[in-house]
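Could you use the hints to bring the two separately framed chains together as a complex?
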Amino acid sequence: MISAHLPVLQVILPLLSAPLCLLFRRTYPSWLVALIMSWASFAIAAILLGQVLTGEPISYLLGDWAAPWGIEYKVDVLAAFVLLLVSGIGAIIMLFAPGSIAAEIPEDRVYLFYTMYLLTFSGLLGMVITGDVFNLFVFLEISSLSTYVMISLGKSRRAMTAAFRYLVLGTVGATFYVIGVGFLYQMTGTLNMADVADKLPAVTETRTILVALGFLTVGIGLKLGLFPVHLWLPNAYTYAPSVVTAFLAATATKVAVYALLRIYFTVFDVEAIEAYPLDEALLLLGLAAIVSMSAVAIFQTDVKRLLAYSSVAQLGYMIIGISFLTITGLAAGVLHVFNHGLMKAALFMVIACVFLRIKSVKIEDMAGLGKSMPLTMAAFVLAGFSLIGIPLTVGFVSKWYLITASIEQSNWIVAALILFSSLLAVVYFWKVVEIAYFRPRNDGAAPISEAPALMLVPLWILVGANIFFGIHTDLTITSAMAAAQSLMEVGP
Amino acid sequence: MELFGLLNYWLVIVLMMIGFYIVIAQGNLVKKMVGLSIFQVSVFVFYISVGRVAGGTAPILADGIEVFSNPLPHVLILTAIVVGVATTALGLAMIVRIRDSFGTIEDDEILAIEKGEDDK
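For the protein sequence lines, the chains are A and B, in the order given.
Taken in order, the first sequence gives residues 1 to 492; the numbers are from this note's numbering.
Taken in order, the second sequence gives residues 1001 to 1120; the numbers are from this note's numbering.
Rather than coming from a laboratory, the hints here were simulated on the basis of the structure.
We put the beta carbon where it would ideally sit given N, CA and C, even for glycine.
Keep in mind that the hints are not guaranteed to be accurate.
In silico BS3-like pairs for lysine-lysine, Cα to Cα no more than 30 Å straight-line [stated by the list, open to error]:
1) B:Lys1031 / A:Lys155
2) A:Lys431 / A:Lys362
3) B:Lys1115 / A:Lys155
4) A:Lys362 / B:Lys1115
5) B:Lys1115 / A:Lys431
Each pair of labels, with its calculated beta carbon distance range [said to hold, decoys possible]:
6) A:Glu434 / B:Asn1028: 43 to 49 Å
7) B:Tyr1009 / A:Phe420: 44 to 50 Å
8) A:His5 / B:Ser1101: 44 to 50 Å
9) B:Arg1052 / A:Gln485: 39 to 45 Å
10) A:Leu231 / B:Arg1052: 36 to 42 Å
Only chain B is shown next, with the shape it has when bound in the complex (with noise of 0.2 Å):
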């Protein structure tokens, strides 16, 4: 089954919308930032798929094993896994900060208070 054997880059396709969705229309700035995670993480799940390979075991060095699955793409996954953790813990340090300062975590509040000092 072609949409079965596929399902990985189906679900690939289907959380990075719901994340950029989110990004974009969401206004609370801590929800913006799950947007901005389920986003990176669906991209994380594509390159682990595109690193399957179809009848293969575990990249494990050891007799009797002939076909195995690519390390590679894994192995930047773990660099793109910390990335997105830092961007993450940065992220919400700042909306903590912008809590402080204006008091409030709604996108449009924010720019509204931005506006009002504007036309000061």
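Bound conformation, chain A alone (with noise of 0.2 Å):
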């Protein structure tokens, strides 16, 4: 009885909590409410994975209302596979929290960041499972404007700057998505993703799909951090409080790219796009970030920013597996949204484990924490690895297929530029190593301990996890490849 209602309970749940921590309004049971429903989605979304692995896609008509007309909630297995990421982000993240929050943020308003995160979450997680383009924009919207509010909880004046930019951006961007929406609304007169594609091919042809597409585009690319229109990424990565970064590095973004691959595949189709030239136009943008911004990475003297900037980087992998417009292309897209996305969340951990010792998050102040800090410092080293797509870690998978990808289409150039920028992600990476491990801690310098047990078993669950899935690929690629097959065969 229960199971037939997953799919709204997936979203509902974090909802209708997030109030509770409110009325709470103390630290400790809010963390509790928030802990139990992150768990508790993490079990729906595993649940509803392992549905449609072995069965079909599942549609959750909301309030019984029949589908064009209603909203529909949909399952297939891309959307299943981008929850557990999600929610096991969400999971992890909030065993980690408490340590690094007390110490980021006052006391009184650490029920606020509680609230955001429960508001933020399952803004995400409606993104994912809505199969309306305007309950798509709303939930868009949910998660938004809760993210600025906890980036503004950061502990630096500069978080609130950082996050009046992003509000300033992220709106532009989200109403860019509005204004595409009317245009497919105009022309289609229906708002089901499904319904949009049935009757969108008698019109593919007009100049309002295309300008509609061109809005969606630029609108998600806003909030995707696409590499011209990424902004405010940097910034706002940097001044948020450490664990906001991890949940946003590992979650935002990518639920962004899961609504470009809606837009593209489910509601236009793979003609549509290859007509408009959209592809030829992501794959130069993508080049463009993984090149250009691992470059600036590079340069970076806080950690955070170098991370950021980085994650702008990894992004345009993504990007250009979308651009093949071909199975394995978009597998590997796909599979590297899932492992970015368990990579980068261990690395922000670290940093928020870094600054709850040493109070900075430039690199010279962590010379000798290679010494001091081992267990965290391991931690940053293999998750690195995986960034850097060291074999047996999950970063080796994703850029694998990658590679594959643009060889079946002799396109040596992309293959030669993804290694390109892997030996460029080698060198920003092994400034940090280099300064923590080889570098002693300046003398009179306060000694320093390890990070608590607290904190570091979340963070070696997460590194477990690029380990694990680096090895054991069945899960991932079965699920990347079944949500790349689906993607392609939707439409004519």
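Written as structure tokens, this is what we have:
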């Protein structure tokens, strides 16, 4: 009985429990609510993925209103896979959060953090699960508005300006998305994704639809941190509280990539994207992102900002995978969405541990940490290996598929640039490792100890996942392949 | 007259460009929020215009009403208005906090202060 309602519970549980945190007003009970809700969502996502991997996609009618008129929640393999990533990261981050949050957010505001976290969490899950283009906008705004608040909770006063600039750009992006949806509605008279897809081929040649696709791409691109419109991202990631950065870096941009996939392949189809040469444009932007942003990351002195630029570069890999418009390419993109979520969450969690102990995220202040925080820095090294793409880590698996996809198309230049960008990743990653391991701590600096066990355990669970899914690739590759196949088959 | 028949859409474009220009060109954060609101409102007008059916009345269930406007875009815009109000409120609240900690709401002065912090 209850299992039939899992798709709606996935979104509604965190959404309804957010006000609970606000009522409790105390740190511990609101943390407990957030923790329980995150793990419940994770369990639901795991059940849903199990159901769709073995059976048909699930369609859930909200309030039992029939599909094109009412809002439909649609869980296919791709949606369930991204739901698993978002809720899994949320569950781990909530185990990790209390220690780090206590050091970075004043005690009387911590319950607000948990409230905002739950709203962002349900907004992101809703964006993934919905089958309605306007409903996606509503969830996008729920997650965005609460994200701005979470970023502004950062200690530095610059968190406030970073959040404000993100608010302006994010609102412009969301409004662009609404304009695109308006044009789609004008031409098709429906908002249900599958229904729009049915009616689009008749009008796909018109300029209105071309303009709609342009607005949708730019709007989602702003949210996604697509290369030339990523300007909000470095500051937002740098000045937000460390836990917030870890959560956002692993989920928010990934869900935007998912929204792009939905619009491109479920609402539109491969022929339309090819006809408007969007694939070539995306390929160029992706290549520009992986080379230029990796190069910019090398020159950063702040490790959080370094990882933020690296995130923009890694998003480039996903965009390149999508731009191939082949099954292998899409599977590589989807795999990297999942894998990059795992590695970036782990890396930013390391930074949260480091900040807890040395109260700084400057690379030069990390000297000698290899000795005084061995477990934390070992996690950094392993997650960094994954970022570079060293075999036996998840980063290797997705890069392998990405390079296979480019070689399939005999696109040697792209394959070479991907390898070159990985070399740049070695450079910026090694810069941090060298200082942490091979430079002794300044004389007279206060001795520091290892991060508390409550933070190390969730961190190492994620690092373990980085290696586990690098060796046992069954679940991730089966899901990514199935998702890519279903995306390519939709449409005539 | 084609021009007057599409007057709504021309106004939408004019409003949209005015709003977008203010967001980009104005250094004052409050003015930026005003621009952002105008930009959003232009989209609301666009949706409401899309819902109009020529010669239609209000969508009321009654005898003699055959042609009526499409209510769905109007309902969508109710949601979008709520989102817009929330965004404006949050943005203005942030501006208050920015003024508290920086002592100014001019973008270039804030950037200068931030650059000074970086150089230290």
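Going through the hints against the structure:
| no. | hint | in the structure |
| --- | --- | --- |
| 1 | B:Lys1031 / A:Lys155 | 26 Å, holds |
| 2 | A:Lys431 / A:Lys362 | 12 Å, holds |
| 3 | B:Lys1115 / A:Lys155 | 18 Å, holds |
| 4 | A:Lys362 / B:Lys1115 | 17 Å, holds |
| 5 | B:Lys1115 / A:Lys431 | 24 Å, holds |
| 6 | A:Glu434 / B:Asn1028: 43 to 49 Å | 45 Å, holds |
| 7 | B:Tyr1009 / A:Phe420: 44 to 50 Å | 47 Å, holds |
| 8 | A:His5 / B:Ser1101: 44 to 50 Å | 46 Å, holds |
| 9 | B:Arg1052 / A:Gln485: 39 to 45 Å | 42 Å, holds |
| 10 | A:Leu231 / B:Arg1052: 36 to 42 Å | 38 Å, holds |
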